[in-house]
Every structure is written in C-alpha cells, then in structure tokens.
Amino acid sequence: MAVVFERPKSLKETKFHYCPGCHHGIIHRLVAEVIDELKLQEKTIAILPVGCAVLGYEYFDVDCIEAAHGRAPAVATGVKRCRPETFVFTYQGDGDLASIGTAEIIHAAARGENISVIYVNNAIYGMTGGQMAPTTLLGQKTTTSPQGRKAELTGYPLRVCEMLATLQGVTYLERTSVHDPKHVRKTKKAIKEAFQVQLAGKGFALVEVLSACPTNWRMSPERALDFVKNQMINYYPLGVFKSLEEVE
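Residue numbering for the sequence shown follows the working numbering, beginning at 43 and increasing consecutively.
Heads up, some of the hints might be wrong.
Unchecked claim - The calculated PhoX-like cross-link candidates involving lysine-lysine, where the alpha carbons are at most 25 Å apart (straight line), are:
| hint | residue 1 | residue 2 |
| --- | --- | --- |
| 1 | K51 | K85 |
| 2 | K51 | K81 |
| 3 | K224 | K284 |
| 4 | K54 | K81 |
| 5 | K234 | K192 |
| 6 | K234 | K271 |
| 7 | K284 | K54 |
Read the hints as simulated data drawn from the structure, not as lab findings.
With these hints in hand, go ahead and build the complete structure from the sequences.
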C-alpha cells in the first residue's frame, strides 16, 4: 500500500507540549515538510529564542541553537556569516520578535542578511501568561489590558510586514494564516518561497503566520479560529508585501 501521509523526517517523534487549539504544531510540521522537500535537514541550523517555541529543539530534527529573548536574528546573522554554506532560519513569536526583538529584526532586515524568519503572530504573550503584546488588537482583553487595549494608552498594534516592507534590504515578505486548510497550504507555499530565497543567496525573507492562542484568549479552539478569520485578518491583511521579482 502506498504511503500518502507520514511524519516529516525533520520532525521528531515527540508529543507536542502546546495547548489544545494552538497552531504551533501545524506550523512546525509545515517547516519540517519544506526542509524535507528541499533536502535541507543535514545543513539546517534553527535559531530558537524565548517564547512558546523555546523547546523547538525537542521537535525539529535539525541542529538548533537557543537565543536570548528577541535576539534570534542577531544569532542567525552570526551563524550565517560564519557558516554561509548552512541553511539558517529563526522561529519567533510576536512577543519575541515584535517587542524585545524589534531592533534585532529591523536591523537584520535592513542589512539584507541572508536568513529566513518564521514569525508566528498570535497577538498576545503566550508563554508568560497572556499579557498584552505589541500585536494585541485594539479592544482585545489580556491580563495586562483587562478592559481591552486602548490606543491612547498603549498605541496601535504593530504591523511587522508593512514596516519591514519599507526597507531596501528585504527580499521577500508574506503574511499568511493557518485558520483553515486552504490557508495552511498557502502558508507552506510561502515558507518554501522564503527558504528558496535564502538558498539562492538573495537576502532576507520573512513569513508572518497569524495563529490562534485559545488558552490565553480564553476561547474554545473553534471560537479562536473565528477570531483569526474575522478579527485578526481585518487588521493584519494577508498577502505578499515584497517579492523577489519586485527586488530584481
């Protein structure tokens, strides 16, 4: 009997620790599938900073380096410059990349570092208990904004793709989602494109993936999917913000 679906070789046979309804497991699998398809397992180095995915080394069957909170782009820069023959990607959440790591991601992008970034945006701090993040939507309730986020107090949610698209060093930017099968497939395609940009030596690439956090949103997994579809995508529109064709 032909095998039509199996665990990617680049994903260890380990049970995920993520909460029910969390999308990190889906995104991990997509990354691993692309690594397998591009035959990158033996040359890949994953950079994993602080956040829900800090235990990524338990799941990705590639060489992994842990980075300080927000500093994954800096570590990835050092690795790629020292070992240009390797394939280097970072896997970061919004509390990491868009908050304490804002300077790191902006300057790595501005320099056009030849790295790939997987940026998971669930609009909240997940690992540390559900505090408001730079990406938390206006009106969204968190442990530190129990009445809902207010622009006059904390500003507006940060749109990372739109911000990075203004930088000349950036080659590829796309925002996707994994709230339904159609968009899961589109996310895999975007990840593959970002990885191929690095393999071609064309510079900085980032894929932002809108993701649910049912536990900290205080929602059922089903309601969380609706929140992504009906709330997050309204503020964070999906699509390609910069492509290799535009740069060339």
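Of the hints stated earlier, which fail here?
Of the numbered hints, 5 and 7 do not hold.
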